[in-house]
Amino acid sequence: NAGVTQTPKFRVLKTGQSMTLLCAQDMNHEYMYWYRQDPGMGLRLIHYSVGEGTTAKGEVPDGYNVSRLKKQNFLLGLESAAPSQTSVYFCASSSGLAGGNEQFFGPGTRLTVL
Amino acid sequence: AQSVTQLGSHVSVSEGALVLLRCNYSSSVPPYLFWYVQYPNQGLQLLLKYTSAATLVKGINGFEAEFKKSETSFHLTKPSAHMSDAAEYFCAVSDGPGNQFYFGTGTSLTVIP
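The listed protein sequences derive, respectively, from chains A and V.
Per this note's numbering, the first sequence starts with residue 6, numbered consecutively.
Per this note's numbering, the second sequence starts with residue 326, numbered consecutively.
In case anyone wonders, no lab produced these hints; they're calculated from the structure.
Worth double-checking, as some hints may not be accurate.
Reference listing, derived: stretches of chain A covered by chain V, where coverage requires no fewer than 3 residues with Cβ under 8 Å from a Cβ of chain V [what the hints assert, rightly or not]:
#1 15-23
#2 65-74
Below, a list of computed lysine-lysine pairs in the DSBU-like style, where the Cα atoms sit at most 35 Å apart [said to hold, decoys possible]:
#3 A:Lys14 <-> A:Lys75
#4 A:Lys76 <-> A:Lys19
#5 A:Lys14 <-> A:Lys76
#6 A:Lys62 <-> A:Lys14
#7 A:Lys19 <-> A:Lys62
#8 A:Lys76 <-> A:Lys62
#9 V:Lys383 <-> A:Lys76
#10 A:Lys62 <-> V:Lys393
#11 V:Lys393 <-> V:Lys383
#12 V:Lys394 <-> A:Lys62
#13 V:Lys393 <-> A:Lys14
#14 A:Lys75 <-> A:Lys19
#15 A:Lys62 <-> A:Lys75
#16 V:Lys383 <-> V:Lys394
#17 A:Lys14 <-> V:Lys383
Quick list of the computed label-pair ranges, beta carbon to beta carbon [claimed, not checked]:
#18 V:Thr402 <-> A:Ala87: 37 to 43 Å
#19 A:Pro88 <-> V:Ser395: 41 to 47 Å
#20 A:Ala61 <-> V:Ser334: 40 to 46 Å
#21 V:Glu396 <-> A:Ser23: 43 to 49 Å
#22 A:Pro66 <-> V:Thr402: 21 to 27 Å
Just so you know, even glycine gets a beta-carbon here, dropped at the ideal spot from N, CA and C.
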């Protein structure tokens, strides 16, 4: 049971380049989330999904897109990277069941945009 | 809307001393509350959670937190700090199963030998 995994662990992009971050979970969770973590700002929700085929915007969605084609995978895309998107990105998943809705986090992806 | 305030972005304690990390929340409904720990270059790991059962919640590594509705607080404590407790700690609030989490800005704990 690997939990939540993220690919890649590190990436350096040039301004304007695109990339996709992959999140996978093997806990059969319905809910998945993408966060960004910046110094002094905690974690901010980018997008989330409450089930296969569904996505919704979080607090800071601009410049990002997501897809949830399979229940176990949640992809985060940057179409045209900007230096302001330099951050550490975390994926999380949750069962969504009453009383048991803690989120389980992946190890993170450190992205630098030059 | 939910929000979380963590007082003190940096806290330093001596090894063996009491650890107290503060968290206050705002919520229009009875909340779920969580404390997570993040070690350097790692993801977040759940320390403990409050889900409307006992107001004193015990977690891993000797940590505990008390839910005080009248004070809208959920402070994290540990009686005796260990060097291995040095990490970033995040308080989070959620108002229902699967709902969005709202994180505080984090408190960095330093343990002085």
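Going down the list of hints, with the structure as the test:
1. 15-23: Since 0 is below three, the answer is violated.
2. 65-74: It is violated: at least three residues are needed, and the region 65-74 of chain A offers just 0 whose Cβ sits closer than 8 Å to chain V.
3. A:Lys14 <-> A:Lys75: holds (21 Å)
4. A:Lys76 <-> A:Lys19: Holds - the C-alpha atoms of A:Lys19 and A:Lys76 are around 31 Å apart, at most 35 Å.
5. A:Lys14 <-> A:Lys76: holds (22 Å)
6. A:Lys62 <-> A:Lys14: Roughly 24 Å separates the two Cα atoms, so the pair holds.
7. A:Lys19 <-> A:Lys62: holds (25 Å)
8. A:Lys76 <-> A:Lys62: holds (18 Å)
9. V:Lys383 <-> A:Lys76: Roughly 33 Å between the alpha carbons, so the hint for V:Lys383 and A:Lys76 holds.
10. A:Lys62 <-> V:Lys393: Status holds; Cα separation ~32 Å.
11. V:Lys393 <-> V:Lys383: holds (15 Å)
12. V:Lys394 <-> A:Lys62: holds (30 Å)
13. V:Lys393 <-> A:Lys14: With a Cα-Cα distance of about 39 Å, the restraint between V:Lys393 and A:Lys14 is violated, given a limit of 35 Å.
14. A:Lys75 <-> A:Lys19: Measuring from Cα to Cα gives roughly 30 Å; hence the hint holds.
15. A:Lys62 <-> A:Lys75: Since the Cα atoms of A:Lys62 and A:Lys75 sit roughly 18 Å apart, the hinted pair holds (cutoff 35 Å).
16. V:Lys383 <-> V:Lys394: holds (17 Å)
17. A:Lys14 <-> V:Lys383: Distance ~33 Å between A:Lys14 and V:Lys383 Cα, so the pair holds.
18. V:Thr402 <-> A:Ala87: 37 to 43 Å: Check passed, 41 Å falls within 37 to 43 Å.
19. A:Pro88 <-> V:Ser395: 41 to 47 Å: holds (45 Å)
20. A:Ala61 <-> V:Ser334: 40 to 46 Å: For V:Ser334 against A:Ala61, whose Cβ atoms are near 30 Å apart, the range 40 to 46 Å is violated.
21. V:Glu396 <-> A:Ser23: 43 to 49 Å: Given about 47 Å between the Cβ atoms, the range holds.
22. A:Pro66 <-> V:Thr402: 21 to 27 Å: This hint is violated: roughly 36 Å between Cβ atoms.
Going through the hint list in order, the structure does not satisfy hints 1, 2, 13, 20, 22.
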